[in-house]
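**Student:** Work out the full structure: start from the sequences and follow the hints.
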Amino acid sequence: AQSVTQLGSHVSVSEGALVLLRCNYSSSVPPYLFWYVQYPNQGLQLLLKYTSAATLVKGINGFEAEFKKSETSFHLTKPSAHMSDAAEYFCAVSGRETSGSRLTFGEGTQLTVNP
Amino acid sequence: EPEVTQTPSHQVTQMGQEVILRCVPISNHLYFYWYRQILGQKVEFLVSFYNNEISEKSEIFDDQFSVERPDGSNFTLKIRSTKLEDSAMYFCASRLAGTGVGGYTFGSGTRLTVV
Numbered sequence: 019a020q021s022v023t024q025l026g027s028h029v030s031v032s033e034g035a036l037v038l039l040r041c042n043y044s045s046s047v048p049p050y051l052f053w054y055v056q057y058p059n060q061g062l063q064l065l066l067k068y069t070s071a072a073t074l075v076k077g078i079n080g081f082e083a084e085f086k087k088s089e090t091s092f093h094l095t096k097p098s099a100h101m102s103d104a105a106e107y108f109c110a111v112s113g114r115e116t117s118g119s120r121l122t123f124g125e126g127t128q129l130t131v132n133p
Numbered sequence: 595e596p597e598v599t600q601t602p603s604h605q606v607t608q609m610g611q612e613v614i615l616r617c618v619p620i621s622n623h624l625y626f627y628w629y630r631q632i633l634g635q636k637v638e639f640l641v642s643f644y645n646n647e648i649s650e651k652s653e654i655f656d657d658q659f660s661v662e663r664p665d666g667s668n669f670t671l672k673i674r675s676t677k678l679e680d681s682a683m684y685f686c687a688s689r690l691a692g693t694g695v696g697g698y699t700f701g702s703g704t705r706l707t708v709v
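These protein sequence lines are chains A and B, in that order.
In terms of this note's numbering, the first sequence opens at residue 19 and continues consecutively.
In terms of this note's numbering, the second sequence opens at residue 595 and continues consecutively.
What the hints contain is simulated information worked out from the structure, not anything from laboratory work.
Note that the structure is predicted; figures quoted are calculated from it, not measured.
Treat the hints loosely; a few may be bogus.
No more than 30 Å apart at the CA atoms, straight line, and that leaves these computed lysine-lysine pairs for DSS-like [unchecked claim]: (1) A:Lys87 / B:Lys651; (2) A:Lys86 / B:Lys636; (3) B:Lys651 / B:Lys677.
**Tutor:** Here it is in structure tokens:
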């Protein structure tokens, strides 16, 4: 079974500041890990994914995340926040690909970017 | 860019009524999914569908729920007798075979309100 915990349901940063959204996972098998973003009234857009290749994963819009097995973490970062980054962010985990390959999501973190 | 299309975007129904949520996955995708998000809660897996049959379902997906791919393009979720607690945002997703779980494309969702 897999689960993820996102620390902080709301994060607020100033424009230009570092964004750090925290995610810890639990998995009985080597995990695949994902970050999704959801803008208001829109669907879930994949930001980046870890599938057992490089531990530092770069995604869209300047985001990146580092898989740390020893810490069971997959935190999302961006060096400089933009106003357009304001959205809800979801961490998700899956086991090895099977015909089903369900995603298990965290509770989400609402990111606010202040001018 | 190809999209997963969901209709309607909003649906209000009376408790006990049947509802059908519709999705048009990306045309060459082979795996199809339904997820839901109750307001203020995490995104939850409902069911996955492959090769015209359910490949995996969660404990949420009880006998009140069913899925169908009636015509090779649509993918539907039916709730036979809606309850107040079925009120949620329902997301459809699809992916190609062989792209791994990161190949999901999500629709924008249908907001179902049961009154």
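**Student:** Determine for every hint whether it applies to the structure shown.
**Tutor:** A quick look at each hint next to the structure:
Using a Cα cut-off of 30 Å, the hinted pair Lys87 (chain A) and Lys651 (chain B) holds, with the two alpha carbons roughly 29 Å apart. Distance restraint check for Lys86 (chain A) and Lys636 (chain B): the Cα-Cα separation of roughly 24 Å lies within the 30 Å cut-off, and the hinted pair is therefore satisfied. Distance hint between Lys651 (chain B) and Lys677 (chain B) is fulfilled; the C-alpha atoms sit about 19 Å from each other, no more than 30 Å.
Checked against the numbered hints given earlier, the structure satisfies every one of them.
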